[in-house]
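Chains as they are written, first to last, in UniProt numbering: chain R, 1 to 671; chain Z, 1 to 671.
Just so you know, these hints were derived from the structure itself, not from any lab. Please note that a few of the clues may not be correct.
The list treats identical chains as one, so a pair stands whether inside a single copy or across any two.
[Unchecked claim] Below are the DMTMM-like pairs computed for lysine to aspartate or glutamate, each with C-alpha atoms no more than 20 angstroms apart in a straight line:
id	residue 1	residue 2
1	K553	E259
2	K132	D163
3	K76	E96
4	K147	D163
5	K76	D25
6	K132	E84
7	K156	D352
8	K342	D327
9	K310	E84
There are 2 protein chains.
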Amino acid sequence: MHIVDVDDGFDLYLGERLILRHRPDRPCIYVGRGEPRIAMYRGNFEIEDHVEERVGLRHAAIAGRLIAFSTSPEAKPRLVAAIEGDADAGAIVFVEADAAIDRFWLRIEAEPFERVYGGGEQMSYFDLSGRKFPLWTSEPGVGRDKKSEITFQADKMGGAGGDYWHTNYPQPTWLSTRRYALHVETTAYSAFDFRRRTFHEIEAWAVPSRIELFGAPRLETLVSRLFERFGRQPPLPDWVMNGAIIGLKDGANSFARLEKYLEAGCAVSALWCEDWVGIRDTSFGRRLFWDWRANESWYPGLADAIAALKDRGVRFMGYVNPYLAVDGTLFPEAEAAGHLAKNHAGETYRVDFGEFDCGVVDFTSPGACAWFEERVIGQEMLDFGLSGWMADFGEYLPVDVVLSDGSDPMLMHNAWPVLWAEVNARAVENRGMTGEALFFMRAGFTGVQRHCPLLWAGDQSVDFSRHDGLVTVICGALSAGLVGNAYHHSDIGGYTSLFGNVRTAELMIRWAEMAAFTPVMRTHEGNRPRENIQFDESPELLAHFARATRIWKALVPYLRTLVAEAGETGLPCQRPLFLHYEDDARTYDIQDAYLYGRDLLVAPVWRAGERSWTAYLPAGERWVHLWSGETHEGGRDVEVSAPFGEPPVFWREGSAHAELFDGVRREFATH
Amino acid sequence: MHIVDVDDGFDLYLGERLILRHRPDRPCIYVGRGEPRIAMYRGNFEIEDHVEERVGLRHAAIAGRLIAFSTSPEAKPRLVAAIEGDADAGAIVFVEADAAIDRFWLRIEAEPFERVYGGGEQMSYFDLSGRKFPLWTSEPGVGRDKKSEITFQADKMGGAGGDYWHTNYPQPTWLSTRRYALHVETTAYSAFDFRRRTFHEIEAWAVPSRIELFGAPRLETLVSRLFERFGRQPPLPDWVMNGAIIGLKDGANSFARLEKYLEAGCAVSALWCEDWVGIRDTSFGRRLFWDWRANESWYPGLADAIAALKDRGVRFMGYVNPYLAVDGTLFPEAEAAGHLAKNHAGETYRVDFGEFDCGVVDFTSPGACAWFEERVIGQEMLDFGLSGWMADFGEYLPVDVVLSDGSDPMLMHNAWPVLWAEVNARAVENRGMTGEALFFMRAGFTGVQRHCPLLWAGDQSVDFSRHDGLVTVICGALSAGLVGNAYHHSDIGGYTSLFGNVRTAELMIRWAEMAAFTPVMRTHEGNRPRENIQFDESPELLAHFARATRIWKALVPYLRTLVAEAGETGLPCQRPLFLHYEDDARTYDIQDAYLYGRDLLVAPVWRAGERSWTAYLPAGERWVHLWSGETHEGGRDVEVSAPFGEPPVFWREGSAHAELFDGVRREFATH
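Isolated chain R (complex conformation) (with noise of 0.2 angstroms):
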């Protein structure tokens, strides 16, 4: 990072990088105050914030690295910056700032034709160019598209729509084409603006600890880099290699339903039952009873059921979240101890989750979470033989909470998911697992990358809609790949069904088929498994899901690569074509296809009623049709027949796993 200093102002260099360019006229930074309105039902979240005052800091002294930033040459500094680095990475590290600033906007030039990717995980729009992405962990919404009928439903149903940049999982980085990466330090509430052709403009609702940034010859490189700052996840477990996480929460009749997909000839690795802690019925459909332990009397003799499916090599894996229901077992042994966070009035804070209230565990106080840690996951679910779980929430910290430490929750909302990711890292390392025990996340924030060993893309509605279902999953893993994320998965076959939207075969049969290019493969019965197809209730569908399941498993030797690739150069498992293709303009554009590893281009179908479909097959290669060996001429879009169970898949000519992806399409292809 080097500054150079002109009349007035100053321009300041990643490299050849212009990355901020200011003068009296045209500040780089503004700061202010303002008042935010914010109010919470159910992790859907009102935001509005009143911006009492915006000031250019328009005067900058520069001294060394240092640059103090003031509005006029004869006014107080308000912000002093420290540039450091060199050309490759540096940091604009805030050293001192005014203590009344609580709103920070800093303007970052931006080129016309200059794409930006990132922001955590985004489920609408891979590319962030021309709009503007609030980062604040919350639910994603229902539909999550103004214009859909669902989306009207949900939001009637106490706001619970949606928008595009809705998401579990925020993050305030983004890669710029102009192959460099930004990070903004903060956990406070920012947004990214992109909507301008000269410059971005970062707003957080406090002076950022430092703007870091990233220089690399190549797009590749960047996120490698990324990898290394945020991720470095352990390497999947061995046992998952077994074949796809079968999720069933009906009692103790998961285990007979279970077998309904052993003897279909699917590849299993572990039964998946979040209902092992019992449930209750809401209108929203039937819920987990959140206290997080085994149910005895809704799974009679778990602990032997899950010893003797251990030995026919299937894992048994469970679920936990952060929040403990005020009528279970563990909330008086957490509120007695004083692990849970309190109101302004010093009692318990009560969260309403849709027909119960939970108190919060308090992350902030180290007994609390070394309380979760053993008592909860240690003794509850690891002694008692859990090989994983879901670690669900961790977007639902209300910013009127009273915290242990003091800290102020507006600061720790987005904090939050991260250290849920931590009890649950700790809790395993406690135990010798790490890399044996699987959690997995959809709740995230900077830093998630390296406690969560595995996304989940959240609840996608059941259906095949732009913004809230099967292809928003490729957008999330590619989005989130970016930064640090190396695993992502979905639930198969979506999991939200409200207002009478009900999966149909045709969307389980393509979700199906588009995890088995995936790292890891696993079902769900959805918010309303009554109401909804399940793979166990058609023998054709179970068919089609255990030839998917096979067809992974197929796969794993080229996972292990990928796996190994992502400790050695953290390369997500899914990438945008660009990211290999990067001087092919064409593949900047593309969301819903994505390169599985270097060698495979997946193209899932999306929509509803598609019987062919047509890929965009990067130039410089070329590539082989998986199904029917045909080969293709990279550098144009390409029609392939696309029937259910064959997803349009190429790979590339020349990889070195030619072997093994011709012995899928000899060993699993129709014709």
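Following the hints, complete the assembly by docking chain Z onto the known chain R.
Same frame as chain R, now just chain Z:
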């Protein structure tokens, strides 16, 4: 107005009322710059503002009646205000302003339980407290309630759904229960923000020329003073006192259908045919042909028919708006003469009005105004025999238009309805027909009162909905009435029928019976006449309507006193209850009932399925139920029977018109 100089700041009073409190840590004025994004689609505006800078002018230097505002004692003044006036009325006049300022915010001191009213013609909320109201003339929206299915459908259709603040007629003027009124003299985009307990914030996208303040010991006096400031309409024409205006748009058949109304015993003052110019069919419904002259093929022999009708005591009314369809005869005439607004390429600007394009008559050009006044309104309308017309639209001025006098369309957009009203008023005046020819408008802004003799409430949905149905018309009358609009009326039965929402007979009945207690009764066939019931389609419905017109006519002697009162004191015909009962706290919440003059209280049934109704009667009087003659003590809720045709109406015991009111009971009461 007096300034009290205090350490580092000042207080500004209007009499005893603290208006501004300025301290360095709590400045009353903020200024800055913004960059708006404005998109218009058929009169629906999407407005987004990027506030680049917002700076508190913390330092105030006082010199006599001048206050110079700057950011600090060292900085040079950015705004200079002159304080004018006395304890009863005054102004903050901005005599100097930094030319770089294009955003302005002023904080007016507020009290926690203060109520505020005004904002022009507001359709959803009469009491503005607790909400923010952008003030920008536009379509009011269809449904106007984000939780209604109709709004959702309309929003999908080009963002046409609207919200609570959308109005054809905004005006930056409010009245406070602190017994003052405040007016912001600007035509720029502005907003009133009443969401804070301790201050109201005025936003304007230009430094207003002045902020006017009016004080009075009673609210009634304040309303009179605003009428003096803004209003002074001519009295209603005498011919209107003959009965209802019957709206039909059925070509020559309208005349035949009028006979059915007359035969049924309707009191009729005019036949109103908005389709006198001919028609065109669009997907929204049957639209008019926007070429402002009689259409001989659609209305053969119209001039003679008008004359024959006039001989029978029935006038004929038409329709006009400030746009010219490109496929009409007036468009080329206006274009050739240079009377149409241009685009930046120097071509005639064309506005999409829904499947047809129009030119915009450029009212910043005196020549264009004169042409429209003489050639269109004078020759084609008044000379042809029209006694009045709907002067529609005025809200659609695009902000990227090029106007002949070089003025900024961002400043002219809100001014346009007033220019449009002036053109109509001058055209009428030029023929010496002021107070004789009656035009009515929905669009408005500060000053429209001086030119437009009658408002109509715009295009309600044909239903009983809270934010776009019958009840909104009352809110419109009350709010507009406070700022100098003495005369208000509405389309009986509503106008907008979309998405399968059609009129019911009940709606027609309830709307007609309410209209009998307003200064003007007028029917409208709506946007889709064939799909919606009309009065003359059912003998029972027509009989009901005829009876309502006779009740209206029976009240004409009383109406004439209201017209006289409006001329003398400026009080509107329809008044909020608190205007005469300001010591009764209960009256301040009421926006679904009104005083019709001083002596009648009207509480229309505005929900479907109701056969009785509860109304609040102000304290300190006794009220006689119009239909039963029963007397009720004021100061409480009273439930009365409200069968069709007998809307809840009460008269003040001791009224000078007691005999007239009792005569209505004797003639029209059904039991």
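Each hint, compared with the structure:
{"no.": "1", "hint": "K553 x E259", "in the structure": "within (19 angstroms within a copy, 84 angstroms between copies)"}
{"no.": "2", "hint": "K132 x D163", "in the structure": "within (12 angstroms within a copy, 23 angstroms between copies)"}
{"no.": "3", "hint": "K76 x E96", "in the structure": "within (12 angstroms within a copy, 28 angstroms between copies)"}
{"no.": "4", "hint": "K147 x D163", "in the structure": "both (10 angstroms within a copy, 16 angstroms between copies)"}
{"no.": "5", "hint": "K76 x D25", "in the structure": "both (19 angstroms within a copy, 17 angstroms between copies)"}
{"no.": "6", "hint": "K132 x E84", "in the structure": "neither (28 angstroms within a copy, 45 angstroms between copies)"}
{"no.": "7", "hint": "K156 x D352", "in the structure": "within (18 angstroms within a copy, 33 angstroms between copies)"}
{"no.": "8", "hint": "K342 x D327", "in the structure": "within (18 angstroms within a copy, 70 angstroms between copies)"}
{"no.": "9", "hint": "K310 x E84", "in the structure": "neither (53 angstroms within a copy, 88 angstroms between copies)"}
The earlier numbered hints that this structure contradicts are 6 and 9.
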